[in-house]
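Trainee: One line per chain: the protein sequences are A and B, in this order.
Taking the working numbering, I'd label the letters of the first sequence as residues 1 to 256.
Taking the working numbering, I'd label the letters of the second sequence as residues 257 to 477.
Watch out, some of these pointers could steer you wrong.
Unchecked claim - Below 35 Å or equal to it, Euclidean Cα-Cα: the simulated DSBU-like pairs (lysine-lysine) are:
| id | chain 1 | residue 1 | chain 2 | residue 2 |
| --- | --- | --- | --- | --- |
| 1 | B | Lys453 | B | Lys373 |
| 2 | B | Lys350 | A | Lys58 |
| 3 | A | Lys104 | A | Lys121 |
| 4 | B | Lys269 | A | Lys153 |
| 5 | A | Lys87 | B | Lys453 |
| 6 | A | Lys153 | B | Lys470 |
| 7 | B | Lys386 | A | Lys153 |
| 8 | B | Lys441 | B | Lys283 |
| 9 | A | Lys160 | B | Lys350 |
| 10 | A | Lys160 | B | Lys371 |
| 11 | B | Lys269 | A | Lys160 |
| 12 | B | Lys373 | A | Lys160 |
| 13 | A | Lys58 | A | Lys87 |
| 14 | B | Lys453 | B | Lys269 |
| 15 | B | Lys350 | B | Lys373 |
| 16 | B | Lys441 | B | Lys386 |
| 17 | B | Lys371 | A | Lys153 |
| 18 | B | Lys320 | B | Lys269 |
| 19 | B | Lys329 | A | Lys153 |
| 20 | B | Lys386 | B | Lys453 |
| 21 | A | Lys160 | B | Lys470 |
| 22 | A | Lys160 | B | Lys386 |
| 23 | B | Lys329 | A | Lys160 |
| 24 | B | Lys283 | B | Lys453 |
| 25 | B | Lys441 | B | Lys350 |
| 26 | B | Lys320 | B | Lys371 |
Don't read these hints as lab results, they were simulated from the structure.
Residues per chain, in single letters:
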Amino acid sequence: MSNNLRFRARELSKDLTVMFYLQKTVPAGERDLILDQIRRSPLVGTVHTISPEEASAKFAEDFPDLKAILLNLNANPFPASIEVSLKDPGLPTASVLQFIAEVKKNSAVEDVQFNREWADKIRSLGRLAEAVGLFLGGILVLASFFIISNVIKLNVLARKNEIEILRLVGATNTFIRIPFLFEGVLMGVAGSAISLLVVLILIKLFPLYLGSSLGALQEIVGFRYLTLAQALGLVLGGGSVGLLGGLTSLARFLRI
Amino acid sequence: MIELYHVWKQYQKPHWALSDVTLSVRKGEFCFVTGPSGSGKTTLLKTIFREVLPTEGQIIIGGKNILRIPDSKIYTVRRPMGIVFQDFRLLFHKRVFDNVSIALRVLGTPPRDMKRKTFIALRMVNLHPKIWDYPSQLSYGEQQRVAIARAIVNNPRILLADEPTGNLDPDLAHEIFSLFREINKQGTTVIICTHDKELIRRFGGRVLHLQEGKLHGKDIG
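Bound-form chain A, shown alone:
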């Protein structure tokens, strides 16, 4: 979930735009002044003006089901707007907000929409999900560690005779320990691989379970699969936990 939210926030930040919605009746001269003010700002990349007609046409194209409502209205409800793309998506929010406030001083600007606020909100949510994930993950890592450690302890006890005979026929400590450590690593790696498989199945099943009732929100809650680096990290992490569990168990129960 946190992985997905962070991805979504990154995507939104990449496409960072500020929309200035103008009053219905703005004289062309005043609109040009606003455009000039916007273009002079060092933060601004590209500026694109959208007329009420263009806005109406885009709405009809994006939401064909709602096209009829537009036709029933006698007038075009959309205002003219100016779409401003920022030069650098990494600009500090405060400087962008200051630029917006400057432009908003014009009485012709009715409303402003800045999608970074959304990106920031989603990122915060992502951080929260990450913190919860880390907490739960930590508990799971500990649980795996103790389970592996105990399984190896049981194996050591079950193979007590074999270990004793191996020692008596001249086996080195490493020779005796390696199979147990290998077992720990294998359990860790297998556990992570199974969890990756479960995540994959969940990702496939979750959208089917949700259906289309959530609309656009589905983009946010719909899981994305882990990247290759994340998946490898998980498997390596699992192996390390297994190795650690094995080493701890051997240190306690296989004193040779």
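Please arrange chain B on chain A, whose structure you already have, making use of the hints.
Mentor: Relative to the frame of chain A, chain B by itself:
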């Protein structure tokens, strides 16, 4: 050469399992340890392969004081030895082949050599037809022979056997002792704990007699 100097071993007070045992077994010697049950025969063998540590005394094998060797290097003491345990110490969930080849596996012997040497050792104790059986499928005497095969499979420099023929019929016991003699002729030092006076008489060799942990030595033959 195996040398024991003033070796004492006490498991529980006030009894001494070994009491001031001093002995020397030359390289290539064929030696019997006799004595009644509880006289310390098994303890004597166990101190030689360092399964138990003496309470006092020194044990020198091949010029090295084995009591000074750290636990992590104990394999250096045991690898040149073959040991036949009184209770066999077989792995009942593993086949005869695995039980015998375990002594080769720890040495990192290649699989092909391992198979060949294991088969030869089993043929020496006349148990090669049962190579793929489990010990639970074998008689008591056959299990004992598996233990003997495991002890001789890596051509040890020292062979220690604790009652190796205790459960064998006289003919087979004679065969096993002949085998030990053959191994001894190839230069292996052999120390056998046994009650069987008849076999001792027949095969001859040095006899070390233990009585209540004390050693009384004499040579026969």
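Trainee: Each of the hints needs a verdict: does it hold here or not?
Mentor: Going through the hints against the structure:
1. B:Lys453 x B:Lys373: holds, 32 Å
2. B:Lys350 x A:Lys58: Roughly 77 Å between the alpha carbons, so the hint for lysine 350 of chain B and lysine 58 of chain A is violated.
3. A:Lys104 x A:Lys121: With Cα atoms ~23 Å apart, lysine 104 of chain A and lysine 121 of chain A stay inside 35 Å; holds.
4. B:Lys269 x A:Lys153: Given that 35 Å is the threshold and the Cα spacing comes to 34 Å, the pair holds.
5. A:Lys87 x B:Lys453: violated, 103 Å
6. A:Lys153 x B:Lys470: Given that 35 Å is the threshold and the Cα spacing comes to 42 Å, the pair is violated.
7. B:Lys386 x A:Lys153: holds, 34 Å
8. B:Lys441 x B:Lys283: Holds, at roughly 11 Å.
9. A:Lys160 x B:Lys350: Answer holds: lysine 160 of chain A to lysine 350 of chain B is near 14 Å, not above 35 Å.
10. A:Lys160 x B:Lys371: Given pair lysine 160 of chain A, lysine 371 of chain B holds - Cα atoms ~26 Å apart, limit 35 Å.
11. B:Lys269 x A:Lys160: holds, 29 Å
12. B:Lys373 x A:Lys160: holds, 26 Å
13. A:Lys58 x A:Lys87: holds, 25 Å
14. B:Lys453 x B:Lys269: With Cα atoms ~32 Å apart, lysine 453 of chain B and lysine 269 of chain B stay inside 35 Å; holds.
15. B:Lys350 x B:Lys373: Distance ~18 Å between lysine 350 of chain B and lysine 373 of chain B Cα, so the pair holds.
16. B:Lys441 x B:Lys386: holds, 28 Å
17. B:Lys371 x A:Lys153: Since the Cα atoms of lysine 371 of chain B and lysine 153 of chain A sit roughly 32 Å apart, the hinted pair holds (cutoff 35 Å).
18. B:Lys320 x B:Lys269: Answer holds: lysine 320 of chain B to lysine 269 of chain B is near 30 Å, not above 35 Å.
19. B:Lys329 x A:Lys153: With Cα atoms ~24 Å apart, lysine 329 of chain B and lysine 153 of chain A stay inside 35 Å; holds.
20. B:Lys386 x B:Lys453: holds, 31 Å
21. A:Lys160 x B:Lys470: Within the cut-off at roughly 33 Å; holds.
22. A:Lys160 x B:Lys386: holds, 26 Å
23. B:Lys329 x A:Lys160: At roughly 20 Å apart (the allowed maximum being 35 Å), lysine 160 of chain A and lysine 329 of chain B satisfy the hint.
24. B:Lys283 x B:Lys453: holds, 24 Å
25. B:Lys441 x B:Lys350: Holds, because 32 Å separates the two Cα atoms, which is no more than 35 Å.
26. B:Lys320 x B:Lys371: Holds, at roughly 33 Å.
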